[in-house]
Amino acid sequence: MLPCKCCRGRSNKFGICCHLFPCAVAVDSDGEPVSVSWSGDTRRNIIVWMDHRAVKQAERINSSNSPVLQYCGGAVFPEMEPPKLLWVKDNLKESWSMAFRWMDLSDWLSYKATGDDTRSLCSTVCKWTYLGHAHMHQASEEDSRDMEACGWDDQFWEEIGLGDLVDGHHAKIGRSVAFPGHALGCGLTPDSAKELGLLAGTPVGTSMIDAHAGGVGVMESKAGSDPESKETDVEAICRRMVLVCGTSTCHMAVSHTKLFIPGVWGPFWSGMVPEYWLTEGGQSATGALLDYVIENHVASPHLVKSAASRRISIFELLNEILETMRHELGSPFLAALTNDTHVLPDFHGNRSPIADPKSKGMLCGLTLDTSEKQLALLYLATVQAIAYGTRHIVEHCNAHGHKVDTLLACGGLAKNPLYIQEHADIIGYPIILPRENESVLLGAAILGAVASKKYTTIRHAMKALNAAGQVVYPSQDPKVKNYHNAKYHIFRGLYEQQLEHRSIMAKALA
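Residue numbers for the sequence shown follow our numbering, so the first one is 1 and each next one is one higher.
One or more hints might be untrue.
Think about it this way: if two alpha-carbon atoms lie no more than 25 Å apart in a straight line, the pair counts; the simulated DMTMM-like pairs of lysine to aspartate or glutamate are [stated by the list, open to error]:
no.: 1; residue 1: K507; residue 2: E59
no.: 2; residue 1: K358; residue 2: D167
no.: 3; residue 1: K172; residue 2: E59
no.: 4; residue 1: K56; residue 2: E500
no.: 5; residue 1: K258; residue 2: D154
no.: 6; residue 1: K360; residue 2: E496
no.: 7; residue 1: K463; residue 2: E496
no.: 8; residue 1: K258; residue 2: D153
no.: 9; residue 1: K360; residue 2: E59
no.: 10; residue 1: K93; residue 2: D153
no.: 11; residue 1: K56; residue 2: D90
no.: 12; residue 1: K415; residue 2: E436
no.: 13; residue 1: K373; residue 2: D291
no.: 14; residue 1: K463; residue 2: E235
no.: 15; residue 1: K172; residue 2: D90
no.: 16; residue 1: K453; residue 2: E438
no.: 17; residue 1: K479; residue 2: D340
no.: 18; residue 1: K56; residue 2: E158
no.: 19; residue 1: K358; residue 2: D369
no.: 20; residue 1: K194; residue 2: E32
no.: 21; residue 1: K112; residue 2: D41
no.: 22; residue 1: K463; residue 2: D405
no.: 23; residue 1: K56; residue 2: E496
no.: 24; residue 1: K112; residue 2: D28
no.: 25; residue 1: K172; residue 2: D291
no.: 26; residue 1: K93; residue 2: D28
no.: 27; residue 1: K93; residue 2: D51
no.: 28; residue 1: K415; residue 2: E438
no.: 29; residue 1: K479; residue 2: E275
no.: 30; residue 1: K507; residue 2: D356
no.: 31; residue 1: K172; residue 2: D116
no.: 32; residue 1: K93; residue 2: D30
no.: 33; residue 1: K89; residue 2: D154
no.: 34; residue 1: K305; residue 2: E316
no.: 35; residue 1: K222; residue 2: E235
no.: 36; residue 1: K89; residue 2: D28
no.: 37; residue 1: K415; residue 2: E320
no.: 38; residue 1: K172; residue 2: D41
no.: 39; residue 1: K172; residue 2: E94
For the record, the hints were derived by calculation from the structure and aren't laboratory data.
Given the sequences, and given the hints that come with them, work out the whole structure.
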């Protein structure tokens, strides 16, 4: 994946910033890959974010009751880096001994580009349990510089069995950190510049995780009629939540003060917007879940061919089928088609707010029907289930101190009008869509612009470059609201049923 380029004024220079999903990368002392796979294949030196191999390691870490855990919603999740590293140490001892550096993928790319091993506050704070607030009274974004990594909790690493990562002033996991967008080293090295076709010395910004870059790319978007658009409303950003909707969905909200929310990651100081506290909810499989539901249905191949012949996406075709069904069945509104189909979307665990990686997906309402219409209903019920999960996250965050009243959505799923309308109806809040469809790329460009001194801070760049497109409002029909309230009640009950089933079977096997 290439870095994002952001023009610096009218010159031929660029600021560059990496934006990649969070993954644990292992390299040796020569910068060569170290395998993190049972196969021993050194090409497999990255543990992707959604890899849940480290569930048991996460449970062991959580049993430590370290104070660090309160900044992860009370518990680490298998998608974070400490349990993944512990898994490697437990299972691949040769690889563990060979690893000279452990890095997040975005930090690794910045390092390859510049030779500067400084880590991003975004990746270290949000995925490595680094306590970014250790720098609160040391530096501000405008005084950006490489900072000695004083936010590692050495006792935490010792307690969980990874004390060797403390050695050498944390050389393997990061001796220095910086705000996202901070210009690294001397810019592009000659070798990297040649590979990218750019100039040596081109500024390179400290990296950011892809979802967080999406938040930076959209969070200051103001609709023209939005009362929050007034410049005097400095708190508007703290009443918003960004839904970065792709393979998974990340739910980003910021606050001036730290808010401890059980089951929701954070509070992360400067994890996204520098000098703000970040709350990061999430659903581990959303786009991936819709793909799974569609691709594994017997009607899928025919639908794929039909969509391709018309040069539309399968989602557009399914949306059309649902509209046709609504008219044929005389349904009062489209959402009512799923009145007897209910889904719990935890096919890859529940990241927030239950924080249960062992939670499983559930489906109530199957028949022997294998038609395209049945697939369309299953697709709609799954979209609704994802939206109910987001409603659960929003309600949980607001119950613990947030005051979210507006949503912003970006990512691939945000381009699906049915997906966004169902979210608006189910949550009851307006959803602002960005003018720029690729908000993650815009967020990365903002970081590059800050690195190249086009803007002094990320917040200044966000205010200048974020822009709203369409605003999707929730239905005002009370029947729609009542319908979703009823389905939401069933949705919440599905997990409780699952817990009861677990208990019954555990007793049977005891």
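Evaluation of the provided hints:
1. K507 to E59: holds, 21 Å
2. K358 to D167: violated, 34 Å
3. K172 to E59: Holds - the C-alpha atoms of E59 and K172 are around 24 Å apart, at most 25 Å.
4. K56 to E500: holds, 22 Å
5. K258 to D154: Satisfied, since the Cα-Cα distance of roughly 22 Å is no more than 25 Å.
6. K360 to E496: Holds - the C-alpha atoms of E496 and K360 are around 12 Å apart, at most 25 Å.
7. K463 to E496: Between K463 and E496 the Cα gap is close to 43 Å, so the pair fails against 25 Å, i.e. violated.
8. K258 to D153: Cα-Cα ~19 Å, so holds.
9. K360 to E59: The given pair, whose Cα atoms are some 17 Å apart, holds under the 25 Å limit.
10. K93 to D153: Holds, at about 24 Å.
11. K56 to D90: Holds: K56 and D90 sit about 11 Å apart, inside 25 Å.
12. K415 to E436: Given that 25 Å is the threshold and the Cα spacing comes to 11 Å, the pair holds.
13. K373 to D291: Satisfied, since the Cα-Cα distance of roughly 17 Å is no more than 25 Å.
14. K463 to E235: It holds: about 14 Å lies between the C-alpha atoms, which stays within 25 Å.
15. K172 to D90: holds, 18 Å
16. K453 to E438: It holds: about 23 Å lies between the C-alpha atoms, which stays within 25 Å.
17. K479 to D340: holds, 16 Å
18. K56 to E158: Given that 25 Å is the threshold and the Cα spacing comes to 18 Å, the pair holds.
19. K358 to D369: Between K358 and D369 the Cα gap is close to 30 Å, so the pair fails against 25 Å, i.e. violated.
20. K194 to E32: Given that 25 Å is the threshold and the Cα spacing comes to 20 Å, the pair holds.
21. K112 to D41: holds, 21 Å
22. K463 to D405: Judged against 25 Å, a Cα distance of about 20 Å means the pair holds.
23. K56 to E496: Holds, because 23 Å separates the two Cα atoms, which is no more than 25 Å.
24. K112 to D28: holds, 14 Å
25. K172 to D291: Violated, at about 37 Å.
26. K93 to D28: holds, 14 Å
27. K93 to D51: holds, 19 Å
28. K415 to E438: Holds, because 10 Å separates the two Cα atoms, which is no more than 25 Å.
29. K479 to E275: Violated, at roughly 43 Å.
30. K507 to D356: It holds: about 20 Å lies between the C-alpha atoms, which stays within 25 Å.
31. K172 to D116: holds, 14 Å
32. K93 to D30: Between K93 and D30 the Cα gap is close to 19 Å, so the pair holds against 25 Å.
33. K89 to D154: At roughly 17 Å apart (the allowed maximum being 25 Å), D154 and K89 satisfy the hint.
34. K305 to E316: holds, 13 Å
35. K222 to E235: holds, 13 Å
36. K89 to D28: Cα-Cα ~15 Å, so holds.
37. K415 to E320: Given that 25 Å is the threshold and the Cα spacing comes to 15 Å, the pair holds.
38. K172 to D41: Between K172 and D41 the Cα gap is close to 21 Å, so the pair holds against 25 Å.
39. K172 to E94: holds, 16 Å
The earlier numbered hints that this structure contradicts are 2, 7, 19, 25, 29.
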